[in-house]
Amino acid sequence: MTSEEIKKNERRERSLAIARRMMANKKAAEQEAIDEYKNNPAKQALVEELRRKNEEAGTPIVRLPIP
Amino acid sequence: MKKQELPSLGYRFRNDLTTPNVFVFETSNSIVYEIRFKPSGYIFANDPDLEPFVFEMSIVVIDNPTGKRPPRDTLVPPTLTAIFSIFFEQHERIVVYICDTSDKRGEARQRKFSSWLTLYGGDNYIQFNDRLQDDSGEIYFVSFVIKSSNPYQQRLIVAFSELITANQQDK
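These protein sequences, in sequence, are chains A and B.
Numbers 1 to 67, taken from my numbering, label the letters of the first sequence in order.
Numbers 1001 to 1171, taken from my numbering, label the letters of the second sequence in order.
No lab work stands behind these hints, which were simulated from the structure alone.
Built from N, CA and C at the ideal position, the CB exists for glycine as well.
One thing to keep in mind: the hints can contain errors.
[As the list claims (entries may be wrong)] Selected chain B positions facing chain A (in silico; Cβ < 7 Å): (1) 1073; (2) 1130; (3) 1163.
[Stated by the list, open to error] Pairs of lysine-lysine, DSBU-like flavour, derived with a Cα cap of 35 Å: (4) B:1038 with A:8; (5) A:53 with B:1068; (6) A:8 with B:1104; (7) B:1068 with A:7; (8) A:38 with B:1038; (9) B:1104 with A:27; (10) A:8 with B:1068; (11) A:38 with B:1068.
Kindly generate the complete structure, drawing on both the sequences and the hints.
This is the structure in structure tokens:
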């Protein structure tokens, strides 16, 4: 294997390591978000307040961006 | 807890100032989403100047009383774009998004993400969508979004293409 090929392999492995780490982080962040909502009364209160405001305001209106 | 209500284009959303860069909203089906941007400087570790600006994004269903997969909801994409507009008030920021592939719908997710950002974000954002594949056949669908006004635009494009092409050269 030439030094150029070794470098390419190293770069490829580095890229894959980053992608694997990103996927692991994503799964951890998802679990953390779910657990936090279950266990954090402040976050539940935040959602409850949002829910109340949504009920008061009714169905939201989508304003499409002007082209 | 200090809270800030934000203008909404789609569903009303909020962020919790005690947890920076975390936003929540509830859909008309009572499904609660959390959008989380987590600092992730390691992605472009070869260019340390960029490190403070790199964030991984997660879109998480944190409460779903229906017990079913969330249905297509046309109000979700403009809500996400409105959240983006708040997050990207700091123009140097970079969002990297890796799609969940556990149910084999990673490619469809990436396509959907790309199309809503194009539709609702218009010329405000530049996005790159690509994939990495390892020897076992596992595919990682990676998307990268910056504001079109990002002062590091050229460096970021180089950094992202290096990340992807390193994988593709031998494929």
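Against the structure, the hints come out as follows:
Look at residue 1073 of chain B: its Cβ only gets to about 11 Å from chain A, farther than 7 Å, so that hint breaks. Of the supplied interface hints, the one on residue 1130 of chain B is violated, with its beta-carbon coming no nearer than about 11 Å to a beta-carbon of chain A, more than 7 Å. Look at residue 1163 of chain B: its Cβ gets to within about 5 Å of chain A, closer than 7 Å, so that hint holds up. With a C-alpha separation of about 29 Å, the suggested pairing of residue 1038 of chain B with residue 8 of chain A holds against the 35 Å cut-off.
Between residue 53 of chain A and residue 1068 of chain B, the direct Cα distance comes to roughly 25 Å. Compliance with the 35 Å bound is thereby established for this hinted pair. Distance hint between residue 8 of chain A and residue 1104 of chain B is fulfilled; the C-alpha atoms sit about 29 Å from each other, no more than 35 Å. A distance of roughly 47 Å separates the Cα atoms of residue 1068 of chain B and residue 7 of chain A; the hinted pair therefore is violated under the 35 Å criterion. Distance check on the hinted pair: residue 38 of chain A and residue 1038 of chain B sit about 20 Å apart at the alpha-carbon level, within 35 Å; holds.
Among the hinted pairs, residue 1104 of chain B with residue 27 of chain A is consistent with the structure: their alpha-carbon atoms are about 16 Å apart, no more than 35 Å. For the hint pairing residue 8 of chain A with residue 1068 of chain B, the CA-to-CA distance comes to about 44 Å; that exceeds 35 Å, so the pair is violated. This hinted pair checks out: residue 38 of chain A and residue 1068 of chain B have alpha carbons roughly 19 Å apart, not beyond 35 Å.
Comparing the model with each numbered hint stated earlier shows that hints 1, 2, 7, 10 do not hold.
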